[in-house]
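The primary structure of each chain is shown beneath.
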Amino acid sequence: MSTEHPNPFVLFALICAGLATVLLIWFLIARPALTRGTKLVLLVAIGILPLGTAANGSIAGYEATKTRTFCSSCHVMTPFGADSSNPGSTSLAARHGRNQAFGEENCYTCHADYGMFGTVTTKIGGMRHVYEYALHFHQLSLEEALPRIHIRQPFPNATCMRCHSTEAPGWRRVGDHKSLIDQVRDGSVSCASQGCHGPAHPFAAIAHLKAEQAAAGAEGASP
Amino acid sequence: MIRRLKTLVTRPPRVPTLLKLSAVLTLIALALMVWSMLQPTPMPVILAMSLGEGLGILAFALFCISVLIDQVRKQRARGKKMTSTELAAGDSLLGLAPQNGPSGTRTPRDDAPREISP
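Line by line, the protein sequences are chains A and X. To get our numbering, take the position in the first sequence, counting from 1, and add 310. Read in our numbering, the second sequence has 8 at position 22, and its numbers run on one by one without any break.
Hints are all accurate, no fakes.
List of simulated lysine-lysine pairs, BS3-like, C-alpha gap at most 27 Å:
no.	chain 1	residue 1	chain 2	residue 2
1	A	Lys349	X	Lys60
2	A	Lys349	X	Lys66
3	A	Lys376	A	Lys433
4	A	Lys349	X	Lys67
Just so you know, these hints were derived from the structure itself, not from any lab.
So here's chain A without its partners, still in its complex pose (with noise of 0.2 Å):
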């Protein structure tokens, strides 16, 4: 993170922090009489340095929150995290955790909402995980929480297609790309499935097959 390669955000807001935090810390010690010169430190102090630290801190918190780092710092998203991060995975997700442009995003990258609002409604969405977590998932250990981690709404070819648009020569010459091209731009066979590139995420998936067919035991197992 920061640490690595110095975030200019970061650093100027800290720089703001610790001035903003000298000049009050003399204020609430030295208690001056309340002068103009007083007052402009304050608006100094209160108003402005502050503000210099909330809006690069706002950038630089944004920024982090696209980062695989945070998304698998909830201990239910380790494994996802630590797949993308596994140089040997051969997951669709890891696969697109490694190149320059969006590899420590890769997460991001796939699952925020993408058009007008979509950073809008990502974060919204994100904030519903958080709430999740809390109330639901903070207390399961990793093996019950995986299986019932679902996506929430099929996963859109479109957001493949803005990165994968389907007119390279290449891809069109793969023979299911031909045959099903069509529904594969409305979106009626999606990309991630099975047989074709997904799942994304194999280890869900086996998890949920396992809990599936567990569930099927016990019902068969009942009269």
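Keeping the supplied structure of chain A fixed, place chain X upon it in accordance with the hints.
Okay, now just chain X, sitting in the frame of chain A:
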């Protein structure tokens, strides 16, 4: 509780108290924001962007209100003095306390010992 609220209305907090509160709130807000940058995980980042920024805005609003109250009080005190000058015809302005001098401009309540004003 209600009595406390009542005194809050009849005797609004003094300007230095408000400013001190504003300074402390700013420090808390800054601490939350700095925490979120040093440890960018969900909890600190969410706290900084909600509670941290909320407290920062509240602190700045308190500061603005304090300065406004201070300005109005000083102006009012100045106005009072002017009328008393006019009434006591013959008193030279020079004989009075300086315009924004300490004793002349204080209302009784502002005379509390911890008052910080020029």
